[in-house]
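With the hints as constraints, model all of the structure from the sequences given.
Chains as they are written, first to last, in my numbering: chain A, 1 to 338; chain B, 339 to 676.
Hints are computed from structural coordinates only; laboratory data are not their basis. Hints are not guaranteed to be accurate.
[What the hints assert, rightly or not] Straight-line alpha carbon distances no greater than 20 Å define the calculated SDA-like cross-link-like pairs of lysine to any residue that follow:
| no. | chain 1 | residue 1 | chain 2 | residue 2 |
| --- | --- | --- | --- | --- |
| 1 | B | Lys-586 | B | Gly-575 |
| 2 | B | Lys-576 | B | Pro-367 |
| 3 | B | Lys-506 | A | Gly-40 |
| 4 | A | Lys-55 | A | Gly-237 |
| 5 | B | Lys-506 | A | Asp-232 |
| 6 | A | Lys-55 | A | Thr-236 |
| 7 | B | Lys-586 | B | Trp-568 |
| 8 | A | Lys-248 | B | Lys-576 |
| 9 | A | Lys-248 | A | Val-171 |
| 10 | A | Lys-168 | B | Asp-366 |
| 11 | A | Lys-238 | A | Asp-100 |
| 12 | A | Lys-248 | A | Asp-317 |
| 13 | B | Lys-506 | B | Arg-598 |
| 14 | B | Lys-586 | B | Leu-650 |
| 15 | A | Lys-248 | A | Pro-202 |
| 16 | A | Lys-238 | A | Pro-29 |
| 17 | B | Lys-506 | A | Gly-114 |
| 18 | A | Lys-168 | B | Pro-367 |
| 19 | B | Lys-586 | A | Gly-114 |
| 20 | B | Lys-586 | A | Ala-115 |
| 21 | A | Lys-55 | A | Ala-235 |
| 22 | A | Lys-168 | B | Thr-368 |
| 23 | A | Lys-248 | B | Thr-368 |
| 24 | B | Lys-506 | A | Trp-113 |
| 25 | A | Lys-55 | A | Asp-232 |
| 26 | A | Lys-248 | B | Gly-575 |
| 27 | A | Lys-168 | B | Trp-451 |
| 28 | B | Lys-506 | A | Thr-30 |
| 29 | A | Lys-248 | A | Asp-170 |
| 30 | B | Lys-576 | B | Val-501 |
| 31 | A | Lys-248 | A | Trp-283 |
| 32 | A | Lys-168 | B | His-443 |
| 33 | A | Lys-55 | A | Glu-11 |
| 34 | B | Lys-586 | A | Thr-30 |
| 35 | B | Lys-586 | A | Trp-113 |
| 36 | B | Lys-576 | B | Thr-368 |
[Unchecked claim] Residues on chain B that point at chain A, a partial pick, calculated with CB under 7 Å:
| no. | residue |
| --- | --- |
| 37 | Ala-462 |
| 38 | Leu-472 |
| 39 | Arg-491 |
Every residue gets a Cβ at the ideal spot worked out from N, C-alpha and C, and that includes glycine.
So the chains spell out like this:
Protein chains: 2
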Amino acid sequence: MTIVFPMALAESRDLVLPALRHAVSQLDPTTRAQAAYHLGWSDADGRPADGGGGKSLRPALALLSAQATGEPAEVGVPGAVAVELVHNFSLLHDDLMDGDVTRRHRPTVWSLWGAPSAILVGDALMVLAQQVLLDVPGERGRAAAALLANATRRLIRGQVDDVRFEGKPDVSLAQCRDMAAGKTGALMGASTALGAVLAGAPERTVRALQGFGEEVGMAFQLIDDVLGIWGDPEATGKPVLSDLRSRKNSLPVSYVLSRRDHYALELTAWLADRDCADEARLWVIAALVEAAGGRDWAEQEARRRLDRSERLLRAADVTPAVVDELVALGRFIVSRES
Amino acid sequence: MTIVFPMALAESRDLVLPALRHAVSQLDPTTRAQAAYHLGWSDADGRPADGGGGKSLRPALALLSAQATGEPAEVGVPGAVAVELVHNFSLLHDDLMDGDVTRRHRPTVWSLWGAPSAILVGDALMVLAQQVLLDVPGERGRAAAALLANATRRLIRGQVDDVRFEGKPDVSLAQCRDMAAGKTGALMGASTALGAVLAGAPERTVRALQGFGEEVGMAFQLIDDVLGIWGDPEATGKPVLSDLRSRKNSLPVSYVLSRRDHYALELTAWLADRDCADEARLWVIAALVEAAGGRDWAEQEARRRLDRSERLLRAADVTPAVVDELVALGRFIVSRES
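See below:
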């Protein structure tokens, strides 16, 4: 399978960035400056900067979602802006809750300006996302805002579980899957659905597109969890062995725990030992999770999810050329190394 | 002027509480339990409790807002639930940001379950508020959600300013007024407007009702600031001299600073002295603010705002009997001692 860099990503930036900048420009000066920093548009002193922002995967999906129903990409722009705002709301609050001092190789908002800034900028971006959709007149605006609010609630619930599960060995694989579906699947599914909602597509089409995005999101999270243990810090911008260091109940770890064999026992003992933090031990644990098949399972499960996403999409009543683009973007998202 | 305890408050609880409980019941178990504790419905162990919740002023205003347009109170219920949820979202985040360990004589959510809980329960309540309104079909649901999102953004902006201004003597009285208008006026204005929006009232009526609520909110904040310095800790549930202790740039303090006389100089010097925290000094500062007229000004300004709110309302095209109820409720809100 060849991975083609999807043109959709670059095209989407050109279309979405001005609208995103316009939305952010409506914030008060303090919040605007901190949001612009977080989004990679400026440095900590407010000087224009380029880069450091994310890959804008979700906006690209939202535009393709509109195009999948035969409408121009422009119809999906409010959806693209809104999902990017919600994504960044969750990053701002998560970085604070997880105590992460860097993101994408730059200091996080809370580490530069304090916890209240991260809380308030996050709050503002979340409400702004709703406003962008509610500016769309009539039933389409209401339906889009309702779909996004539902996804945002699932996203928050996923984060609640993430906090609740950390360092607990008795969480089932099914619970961890649910958590990932909330944390990543819900917003990815909203991204692939919102364009269609804004285009006034029938419920059945919206649901198929949403299902596609949720499966891609799940595959994305599985690979994210693989990178959280075995990823190259240079590429990911996270510390080496990041997710083991924070004893996150990530999917490869959860898979090994679910086996209930000697690997699982060893891993359970390590999770229970709150004092042990030396790096040599973390490397041993990473090797254990790999030997027990946690890495292979996660990578295979990601491929299965991706295949399922493609089947869902091909069965739906959407423009065939756009299906190919969505499938290519899904593959690209999951093939990433950072 | 006689203050009559408005029946609207008790009636509104009977109508709104079941709907509020229903909305909260849709949250995941962890978030639901912490939200129920925060709302005074249960103790920290999840056992049912009675009391400790707020006065539900905003829901009562939202119901009267619907009735003011000639519709039954029931029409305003989604608005009543939504403003109460947004109010509590802001309390949860504010308590964390301000480091307040108690609210209404009970430990705050963050102090019981940690910062992530307060952040996530707050986030969830804010989105839930949007969902409650977006469940109302058609244009009324969209317009109501848009009005609430706008007020929520102003509320967040007010909190941004509150954080930014703390301990700064060079903030103007106008800036402090703007901050109070955001922190308190915006949501009170949304409360008095949402019922009318849900009733499909014309724009002009909605605006008059919103203006009424914003003025009442401003009066409320002025009295809140008076109580923040001179309030009885037994009644308010806050530490004695609370707002001076945290060097909050509250309205009475800001008024004295704006006079630029010897009182202002003394107060400026105290605000700049970050190390001084002994209580005897706080009593001296409270006496200084009172001697300089900060308390009288705030109380008079609250009355002026209340008078203006009444004039706005009486000029609007709304049911006269409900106008009297709204005016009585406004007076009650501002006459409070806790």
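Status of each hint after checking the structure:
{"no.": "1", "hint": "B:Lys-586 x B:Gly-575", "result": "holds, 17 Å"}
{"no.": "2", "hint": "B:Lys-576 x B:Pro-367", "result": "violated, 30 Å"}
{"no.": "3", "hint": "B:Lys-506 x A:Gly-40", "result": "violated, 30 Å"}
{"no.": "4", "hint": "A:Lys-55 x A:Gly-237", "result": "holds, 14 Å"}
{"no.": "5", "hint": "B:Lys-506 x A:Asp-232", "result": "violated, 45 Å"}
{"no.": "6", "hint": "A:Lys-55 x A:Thr-236", "result": "holds, 12 Å"}
{"no.": "7", "hint": "B:Lys-586 x B:Trp-568", "result": "holds, 14 Å"}
{"no.": "8", "hint": "A:Lys-248 x B:Lys-576", "result": "violated, 38 Å"}
{"no.": "9", "hint": "A:Lys-248 x A:Val-171", "result": "holds, 11 Å"}
{"no.": "10", "hint": "A:Lys-168 x B:Asp-366", "result": "holds, 19 Å"}
{"no.": "11", "hint": "A:Lys-238 x A:Asp-100", "result": "holds, 9 Å"}
{"no.": "12", "hint": "A:Lys-248 x A:Asp-317", "result": "violated, 40 Å"}
{"no.": "13", "hint": "B:Lys-506 x B:Arg-598", "result": "holds, 15 Å"}
{"no.": "14", "hint": "B:Lys-586 x B:Leu-650", "result": "violated, 31 Å"}
{"no.": "15", "hint": "A:Lys-248 x A:Pro-202", "result": "violated, 40 Å"}
{"no.": "16", "hint": "A:Lys-238 x A:Pro-29", "result": "violated, 30 Å"}
{"no.": "17", "hint": "B:Lys-506 x A:Gly-114", "result": "holds, 17 Å"}
{"no.": "18", "hint": "A:Lys-168 x B:Pro-367", "result": "holds, 18 Å"}
{"no.": "19", "hint": "B:Lys-586 x A:Gly-114", "result": "holds, 18 Å"}
{"no.": "20", "hint": "B:Lys-586 x A:Ala-115", "result": "holds, 18 Å"}
{"no.": "21", "hint": "A:Lys-55 x A:Ala-235", "result": "holds, 13 Å"}
{"no.": "22", "hint": "A:Lys-168 x B:Thr-368", "result": "holds, 16 Å"}
{"no.": "23", "hint": "A:Lys-248 x B:Thr-368", "result": "holds, 19 Å"}
{"no.": "24", "hint": "B:Lys-506 x A:Trp-113", "result": "holds, 17 Å"}
{"no.": "25", "hint": "A:Lys-55 x A:Asp-232", "result": "holds, 18 Å"}
{"no.": "26", "hint": "A:Lys-248 x B:Gly-575", "result": "violated, 39 Å"}
{"no.": "27", "hint": "A:Lys-168 x B:Trp-451", "result": "holds, 17 Å"}
{"no.": "28", "hint": "B:Lys-506 x A:Thr-30", "result": "holds, 16 Å"}
{"no.": "29", "hint": "A:Lys-248 x A:Asp-170", "result": "holds, 13 Å"}
{"no.": "30", "hint": "B:Lys-576 x B:Val-501", "result": "holds, 19 Å"}
{"no.": "31", "hint": "A:Lys-248 x A:Trp-283", "result": "holds, 15 Å"}
{"no.": "32", "hint": "A:Lys-168 x B:His-443", "result": "violated, 33 Å"}
{"no.": "33", "hint": "A:Lys-55 x A:Glu-11", "result": "holds, 12 Å"}
{"no.": "34", "hint": "B:Lys-586 x A:Thr-30", "result": "holds, 19 Å"}
{"no.": "35", "hint": "B:Lys-586 x A:Trp-113", "result": "holds, 19 Å"}
{"no.": "36", "hint": "B:Lys-576 x B:Thr-368", "result": "violated, 27 Å"}
{"no.": "37", "hint": "Ala-462", "result": "holds, 5 Å"}
{"no.": "38", "hint": "Leu-472", "result": "holds, 4 Å"}
{"no.": "39", "hint": "Arg-491", "result": "holds, 5 Å"}
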